[in-house]
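K.L.:
Could you put the whole structure together from the sequences, leaning on the hints where they help?
2 protein chains.
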Amino acid sequence: MTSLAIGIDIGGTGTKFGIVDRNGNVLFSSEISTKKHSHVETFIDELYDAVFELINKTGGVGRMKGIGVGAPNGNFYTGTIEYAPNLPWKGIVPLAKLLENKFQLPVTLTNDANAAAIGEMMYGAAKGMKDFIMITLGTGVGSGIVANGQLIYGHDGFAGELGHAVVIPDGRFHPGTGKHGSLEIYASATGVKLTALELLSKSAEDSLLRVVPESEMDSKKVYDAAIKGDKIAKQVFEYTGKILGLALANAVMFSSPEAIILFGGLTKAGDFILRPTQEHMEDNLIKIFQNKVKLIVSHLKESDAAILGASALVWNMDK
Amino acid sequence: MTSLAIGIDIGGTGTKFGIVDRNGNVLFSSEISTKKHSHVETFIDELYDAVFELINKTGGVGRMKGIGVGAPNGNFYTGTIEYAPNLPWKGIVPLAKLLENKFQLPVTLTNDANAAAIGEMMYGAAKGMKDFIMITLGTGVGSGIVANGQLIYGHDGFAGELGHAVVIPDGRFHPGTGKHGSLEIYASATGVKLTALELLSKSAEDSLLRVVPESEMDSKKVYDAAIKGDKIAKQVFEYTGKILGLALANAVMFSSPEAIILFGGLTKAGDFILRPTQEHMEDNLIKIFQNKVKLIVSHLKESDAAILGASALVWNMDK
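Sequence lines, in order, name chains H and X.
Per my numbering, residue 1293 is the first one in the first sequence, and the count goes up by one each step.
Per my numbering, residue 1293 is the first one in the second sequence, and the count goes up by one each step.
FYI, nobody ran anything at the bench for these hints, they're computed from the structure.
The beta-carbon is built from N, C-alpha and C at its ideal position, and this holds for glycine as well.
Among the hints, a few may not be true.
As the list claims (entries may be wrong) - Computed beta-carbon distance windows for the label pairs: (1) H:K1579 <-> X:P1505: 30 to 40 Å; (2) H:G1316 <-> X:D1575: 34 to 44 Å; (3) X:K1494 <-> H:G1316: 58 to 68 Å; (4) H:T1294 <-> X:Q1582: 25 to 35 Å; (5) H:E1490 <-> X:G1463: 20 to 30 Å; (6) X:K1494 <-> H:S1330: 19 to 29 Å; (7) H:F1465 <-> X:Y1340: 44 to 54 Å; (8) X:K1494 <-> H:F1465: 19 to 29 Å.
P.N.:
Okay, structure coming up:
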C-alpha cells in the first residue's frame, strides 16, 4: 500500500488535521479546539485520540510516513513553537518532540504560513512558481516567503513573520506581542473587528453593524452588511485593504515575487477587500514593481488547504 | 598571468571603478562624475577612457576576465538600469549591453547594494554567513538580501529595494519616486539633510548647525556638531535611527538574518546613529527575534568596498 501523511494545522482557535495521500487528496479530516487547552499536554492527548480515529480508518499506523505540523511561530530547525501570541501555551513548546514521543512517528514542523506556502507550491496556485509570498489572514496574519524556489527559513528558522511588520508606527496596540501598529493588529480577524468597532464609535452614520453585539462582530458580519450597501462596512474593508496593500508593497520591494497568494477568512469578502488591497499595493510600489505582481486568492478548499500544506512537509522530509 | 576583474560602482554622484584580483586586492582605482552626464553615451565615453588608463597599467585588456557593475535599480537578469530615481538617465538604460559594445568584454550588472552584499560575502563581514542583509546608506538607501546562501533577485531581478519600503505612511515626499514616507527619504544623505533642516526650523534651540548653509548641510556636518554636544544634531541622528531601526526590524521579521551589515556615509556617525538604530530595531521586534541579530558596520575600506562588490560579480560569472 502507498504511504500516507498526517497533516496537522494548529490555529489560535482550532486545530485541523487529516490523512493525505501523495497526490494531495485529503482522505479523512477532522478538527479539535486549540483554545480550550491551556496545557499543551491535554491538547496532545485529545489530538492523539482524534488523529488515531482517522488512522484506523485508513489502514493503520503502518501506512503513515510521518506527521507534518504547521503552527504559528513554529520553528523548522528546532521543532519548537516559541512565544506564539495567538496560542494558549506560553514560552517555548517542544511540540515536534512531544508529538514524536506520543505518536512514535517522525514529525516535522514549521510556521503555519510556511506550511501553507509549501501546500500552494505543491498543489495550489503557486505550482511552478519560484518566487512568491503566501499571506494567511486568519486569527493572526502569517506569511511564507519562497525565493529561488526555496522557502526562506532565515538564520534561526523564524523567517516570514510579515504579520508582525510595523505598518503604522505608534499605531494600534497588539496585546499578544506588546507592540504597536503591526499588520496583524489591523488585518487579522481581531483587527477587522477592532476597525469595525472604531469606525462605528467615531461616526454617527447609520449602519447595519450597530445591532451586531461586540462579541459577534467579525469579517463575515461586516461582509454581510457591505453587500447590502452599508457604508461603514465598506469603509472597514477599505481601511483594512489600505494597510494590507501597504504591507504587501513593502514585501514586494523586498523579495520581488511573481505573485502574492492570499488565504483565509478575510479573503471571503472578495472585491470589498481585494480591490483596495491591490490599489494601495500598487500606489505604494515604485515604478519598477508596478503592475507586475499577481494578487491571487488561494483556490484550495479552505478546510483542506492548511492540512495539505502541513502534510506536504512530510513528503519534503525525503529531501 | 592570472586574470583580473573590473569593478564599476555607479552612484548618484560619482562612479568608482578599479581593477581587482581574485583575492580582493584593488590594484588600481579611480572615479568620474556620474551627475554631470545627462546623457549615458557621454558617461560611457568618459568611463571607457578612464578605465582603460587603469587597464593599461595592469598589463592590458587580455588579462581582464570581465566587468562587474553595481548600479541603483540595476537588473541582474536583463542588464538594464530601470527608472533609477537617483541617476541622471531616465527610463530603461541597457547599460550592460552598452558597456559590452564599448569594451568588448563580458559585463554582468546588478543593483549596487546586491553587489555590495556579494563583496561582503566574499571579502568582508559576511564571510561564511548564509543569511544576512546588506544596507547601503548613501545618496540613496539600497539593500541586498542573502538567504540560504543565495542573493535574492526575485522574479524579475529587482528584489532588495528596502530603501523604498514605506515606513511612515503619508510621510515625507520623495521627489525621485513620487512616493511618500519611504526609508530612503529619511535615511539617505538627502534624508538626513531634510531632517536637520526640519528640526532647525521647528525648534528655537541654539545649534551649531544654524550657521551651516542649506546647500552644505550633510551628515558629516551634523556629526561634527553632535560630537561637540549639539542637541539638535544629536536629535537628527536619534530621529534617523528611529526610522532606520523600525525598517530594519521589519526586514528582520521578513527574512530573519544572522546579521545586518551597514555601509556608507551615515555609518561614520558611529554610535550617534548606531545606538538609536539598534535600540529601535529591538523595540519593534517581537520576542522571538530580539537580541539575536548582529548590527555590523562594514569594515571594508569605503573607497574599495563598492568596487570589490562589483568586481566579485565577475568571479561569480563562472557559476
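K.L.:
Work down the list of hints and note, for each, if the structure agrees.
P.N.:
Against the structure, the hints come out as follows:
1. H:K1579 <-> X:P1505: 30 to 40 Å: 33 Å, holds
2. H:G1316 <-> X:D1575: 34 to 44 Å: Taking Cβ atoms as reference, H:G1316 and X:D1575 lie about 42 Å apart, which means the hint holds.
3. X:K1494 <-> H:G1316: 58 to 68 Å: Given range 58 to 68 Å: holds, Cβ gap about 59 Å.
4. H:T1294 <-> X:Q1582: 25 to 35 Å: 45 Å, violated
5. H:E1490 <-> X:G1463: 20 to 30 Å: Check passed, 22 Å falls within 20 to 30 Å.
6. X:K1494 <-> H:S1330: 19 to 29 Å: 51 Å, violated
7. H:F1465 <-> X:Y1340: 44 to 54 Å: 58 Å, violated
8. X:K1494 <-> H:F1465: 19 to 29 Å: 28 Å, holds
The structure fails to meet hints 4, 6 and 7 from the earlier list, while all remaining hints are met.
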